[in-house]
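Chains as they are written, first to last, in my numbering: chain A, 1 to 213; chain B, 1 to 393.
These aren't lab readings, by the way, just hints derived from the structure by calculation. Any given hint could be a false lead.
Stated by the list, open to error - Residues of chain A clear of chain B, computed beta-carbon distances all greater than 10 Å:
#1 33
#2 111
#3 112
#4 157
To be verified - The calculated DSS-like cross-link candidates involving lysine-lysine, where the alpha carbons are at most 27 Å apart (straight line), are:
#5 4(B) - 91(B)
#6 327(B) - 99(A)
#7 80(B) - 226(B)
#8 4(B) - 99(A)
#9 99(A) - 91(B)
#10 173(B) - 99(A)
#11 194(B) - 4(B)
#12 194(B) - 177(B)
#13 8(B) - 58(A)
#14 58(A) - 391(B)
What the hints assert, rightly or not - Between beta-carbon pairs, the in silico distance windows are:
#15 131(A) - 8(B): 31 to 41 Å
#16 113(A) - 390(B): 33 to 43 Å
#17 393(B) - 139(A): 22 to 32 Å
#18 76(A) - 346(B): 50 to 60 Å
#19 371(B) - 76(A): 30 to 40 Å
#20 8(B) - 17(A): 23 to 33 Å
#21 131(A) - 315(B): 27 to 37 Å
#22 76(A) - 8(B): 47 to 57 Å
#23 8(B) - 170(A): 26 to 36 Å
#24 12(B) - 210(A): 29 to 39 Å
#25 113(A) - 14(B): 34 to 44 Å
#26 208(A) - 14(B): 37 to 47 Å
Here a beta-carbon is modelled for each residue, glycine too, at the ideal position from N, C-alpha and C.
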Amino acid sequence: MNITLDNIMPTPLASIQHGSDSIWGNKIELRKGKRILLNASSGKGKSTFTTTAIGLRKDYTGILSYDGQDIQNLTPDDWAEIRQRKISVVFQDLQLFPKLTVRENLLIKNALTDTFTERELMDMLEKLEIENKWEQHCGLLSMGQQQRVAIIRAMAQPYQWLIMDEPFSHLDVDNSNRCLEIIHNRTVEQGAGFVLTTLGNDHGYAYDQELKL
Amino acid sequence: MLNKLLFKNQDGPQLIIAMIGAFMGITFLITSIHYLIKVNEFGEGEEILGPNTIIVQKMISNSSIFGLTQTDFSISEIEKMKEESFILDVKPVVANNFAISFQTNDSLVPYFRSDVFIQTVDPEFLDVKSDNWEWEEGDTIVPIIMPRDFLVMLNTFMSAQNIPQISDEIAMKLNFKFTLSSKDNSKKEWVNAKIIGFTNSVASILVPESFMTYGNDTYSDGTDQKITQIMISGEESEFGLVEEMLNERGLESKNSQMVIGRLKSMIGTLFLVVLGISVIAVFVSGLVMIQYLQLLMSRNAYEVRTLLRIGYKPREIINKFFIYFIKIFGLVALLALTSFFLLKLFLDTMFEEGGLYIDTNVTVGSMLALTLAYALFTLSSYLTAKKGIFKEY
Numbered sequence: 001m002n003i004t005l006d007n008i009m010p011t012p013l014a015s016i017q018h019g020s021d022s023i024w025g026n027k028i029e030l031r032k033g034k035r036i037l038l039n040a041s042s043g044k045g046k047s048t049f050t051t052t053a054i055g056l057r058k059d060y061t062g063i064l065s066y067d068g069q070d071i072q073n074l075t076p077d078d079w080a081e082i083r084q085r086k087i088s089v090v091f092q093d094l095q096l097f098p099k100l101t102v103r104e105n106l107l108i109k110n111a112l113t114d115t116f117t118e119r120e121l122m123d124m125l126e127k128l129e130i131e132n133k134w135e136q137h138c139g140l141l142s143m144g145q146q147q148r149v150a151i152i153r154a155m156a157q158p159y160q161w162l163i164m165d166e167p168f169s170h171l172d173v174d175n176s177n178r179c180l181e182i183i184h185n186r187t188v189e190q191g192a193g194f195v196l197t198t199l200g201n202d203h204g205y206a207y208d209q210e211l212k213l
Numbered sequence: 001m002l003n004k005l006l007f008k009n010q011d012g013p014q015l016i017i018a019m020i021g022a023f024m025g026i027t028f029l030i031t032s033i034h035y036l037i038k039v040n041e042f043g044e045g046e047e048i049l050g051p052n053t054i055i056v057q058k059m060i061s062n063s064s065i066f067g068l069t070q071t072d073f074s075i076s077e078i079e080k081m082k083e084e085s086f087i088l089d090v091k092p093v094v095a096n097n098f099a100i101s102f103q104t105n106d107s108l109v110p111y112f113r114s115d116v117f118i119q120t121v122d123p124e125f126l127d128v129k130s131d132n133w134e135w136e137e138g139d140t141i142v143p144i145i146m147p148r149d150f151l152v153m154l155n156t157f158m159s160a161q162n163i164p165q166i167s168d169e170i171a172m173k174l175n176f177k178f179t180l181s182s183k184d185n186s187k188k189e190w191v192n193a194k195i196i197g198f199t200n201s202v203a204s205i206l207v208p209e210s211f212m213t214y215g216n217d218t219y220s221d222g223t224d225q226k227i228t229q230i231m232i233s234g235e236e237s238e239f240g241l242v243e244e245m246l247n248e249r250g251l252e253s254k255n256s257q258m259v260i261g262r263l264k265s266m267i268g269t270l271f272l273v274v275l276g277i278s279v280i281a282v283f284v285s286g287l288v289m290i291q292y293l294q295l296l297m298s299r300n301a302y303e304v305r306t307l308l309r310i311g312y313k314p315r316e317i318i319n320k321f322f323i324y325f326i327k328i329f330g331l332v333a334l335l336a337l338t339s340f341f342l343l344k345l346f347l348d349t350m351f352e353e354g355g356l357y358i359d360t361n362v363t364v365g366s367m368l369a370l371t372l373a374y375a376l377f378t379l380s381s382y383l384t385a386k387k388g389i390f391k392e393y
């Protein structure tokens with residue numbers, strides 16, 4: 001699935017001057033299978049890009065389309081289908097359920113598509129060294145631990161695009177690398193692409209494309 | 001897991017208060033509807049005259065004995081009564097203007113003969129099938145409705161003769177005979193008669209209108225027949241107004257008819273008030289339940305929003321709330337139904353001890369009210385859930 005941003009200008013960013021290579025106000029195509037870095041300083045609209053690209057924000061001008069279809073015309077059921085099988089997201093604020101355990105947070109997402117077994121989910125937790133948090137409430141975890149849970153949750157579905165909004169902001173280098181390895185393997189395995197937004201750190205990964213804001 | 005996420009952390013006491021409110025409202029609603037129907041049905045079937053119908057005549061005073069006041073009704077008097085809002089209909093009771101006697105004509109009962117007084121009323125006031133209440137000139141049998149006192153009298157007579165007494169059903173199979181004659185006895189005729197029902201409201205034998213017309217046309221001496229009795233049919237629950245009108249106009253009726261009418265009117269009004277309060281209670285408790293659902297959804301706004309963002313369909317989440325409230329309302333309805341039956345057991349016993357033998361079957365109306373309340377509660381919960389979910393979308 002290709003994502004096209006045709007002259008997109010979010011209302012809150014309309015008064016700011018954007019460069020000629022910015023994704024805002026220009027035509028940008030995110031081609032299927034590409035691994036893309038979106039590197040920008042604070043306040044430039046990284047989260048705005050994430051939420052606009054997945055249809056959570058509608059306060060923009062221009063046309064944003066998936067394979068040529070304007071996303072403004074998608075129905076709630078279309079969106080559910082897209083969020084279950086085509087686009088997975090790691091939100092900046094993670095969007096975990098603090099009153100549910102790590103296990104429940106992962107299963108509630110995994111149940112939609114039955115992508116992994118509990119064992120496979122546990123294995124991923126083990127790789128990220130938080131397997132002992134399996135039955136702990138997410139609200140009791142540190143931000144770094146929660147970030148790792150949110151990344152594994154994003155893996156627990158088939159996807160063509162993985163959109164990640166500063167997913168490693170609370171992780172050290174080792175944990176960031178481990179996460180990136182899991183993301184890379186899962187993305188490549190599906191022939192999918194990803195967009196990773198970051199505050200200047202490229203985490204040493206060889207991206208196919210870099211976007212600017 | 002979704003249930004745990006959406007319903008685990010709710011305000012228990014508030015839910016229980018809302019459920020108690022709905023439970024009480026529905027219990028009183030179905031109880032009051034049930035007894036309102038039962039009170040209105042009270043006495044029906046036992047009496048061949050239609051419900052809320054009385055036969056009245058003018059009170060006889062000393063002045064009427066001397067002919068100073070009239071004891072018959074004029075057409076204008078009848079028309080004026082019809083104009084009252086609480087009166088459904090007024091019709092004259094027509095009496096015979098010729099000589100008529102009545103006798104037994106069956107080997108099962110001893111010979112018995114008496115001069116009698118017959119009357120006819122509009123068929124609309126009678127609870128009989130029109131096919132059974134027809135007579136045409138040339139017909140050999142005339143259907144009649146007997147005063148129940150006649151059967152009592154006949155049984156007393158038979159008991160004194162050491163003959164077995166007869167039931168309503170047997171009496172309706174016996175053959176009787178009318179002898180019609182002019183007052184100067186110059187013309188005479190015999191007609192067979194069959195009882196088709198009994199009444200407590202009329203002291204005379206009731207015959208079809210066509211038979212009365214035939215008798216009056218053939219055997220009367222030509223004098224005008226005076227209307228000394230009329231039938232009045234009043235509105236449900238407004239019997240007090242009918243009674244007031246009778247007093248004002250110097251009319252009287254059989255006391256038992258008045259007592260039943262007054263009692264039905266009184267109890268009916270009482271249950272109508274309870275019904276009104278119940279409807280308000282159900283409405284208010286419905287609002288409280290819906291408010292509780294809104295509170296629950298507002299507490300779960302983050303969870304609902306996140307579920308939608310990770311791929312749950314709005315309909316799936318709406319259904320979760322809807323099914324949850326179907327269960328809550330189902331429990332409330334079940335508890336209300338149980339308490340209705342307990343209350344009914346208590347009230348039926350109380351009525352019976354008070355001498356009011358009310359039919360104990362459950363009324364369809366009360367069950368329909370329960371179904372309707374349940375449907376309204378669930379429908380409003382569905383619409384509220386839908387609105388709340390799409391607000392987070």
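Item to check | residue 8(B) and residue 131(A) - C-beta distance against the hinted 31 to 41 Å | outcome: 25 Å, violated
Checklist entry - CA of residue 8(B) to CA of residue 58(A), is that 27 Å or under? => result 33 Å, violated
Next on the checklist: Can you confirm whether the C-alpha distance between residue 173(B) and residue 99(A) stays at or below 27 Å?
Outcome noted: Distance of about 82 Å is beyond 27 Å: violated.
Checklist entry - Regarding residue 76(A) and residue 346(B), is the given constraint of 50 to 60 Å on their beta-carbon distance met? => result 52 Å, holds
Checklist entry - Between residue 393(B) and residue 139(A), is the Cβ distance one that fits in 22 to 32 Å? => result 25 Å Cβ-Cβ, so the 22 to 32 Å window holds.
Checklist entry - Regarding the pair residue 80(B) and residue 226(B), is the alpha-carbon distance no greater than 27 Å? => result 18 Å, holds
Checklist entry - Lying within 30 to 40 Å: is that true of the beta-carbon distance residue 371(B) to residue 76(A)? => result For residue 371(B) and residue 76(A) the Cβ distance comes to about 32 Å; the hint holds.
Next on the checklist: Please check whether the beta-carbon of residue 33(A) is more than 10 Å away from every beta-carbon in chain B.
Outcome noted: 22 Å, holds
Checklist entry - When you take the CB atoms of residue 12(B) and residue 210(A), is the distance between them in 29 to 39 Å? => result 54 Å, violated
Item to check | 27 Å Cα cutoff - pair residue 4(B), residue 91(B) | outcome: 70 Å, violated
Checklist entry - Quick one: are residue 113(A) and residue 14(B) within 34 to 44 Å, going by C-beta? => result At roughly 37 Å between Cβ atoms, residue 14(B) and residue 113(A) fall inside 34 to 44 Å, so the hint holds.
Next on the checklist: Within 47 to 57 Å: is that where the Cβ-Cβ distance between residue 76(A) and residue 8(B) falls?
Outcome noted: Distance hint for residue 76(A), residue 8(B) is violated at roughly 26 Å.
Checked against the numbered hints listed earlier, the structure breaks hints 2, 3, 4, 5, 9, 10, 11, 13, 15, 16, 20, 22, 24, 26; every other hint is satisfied.
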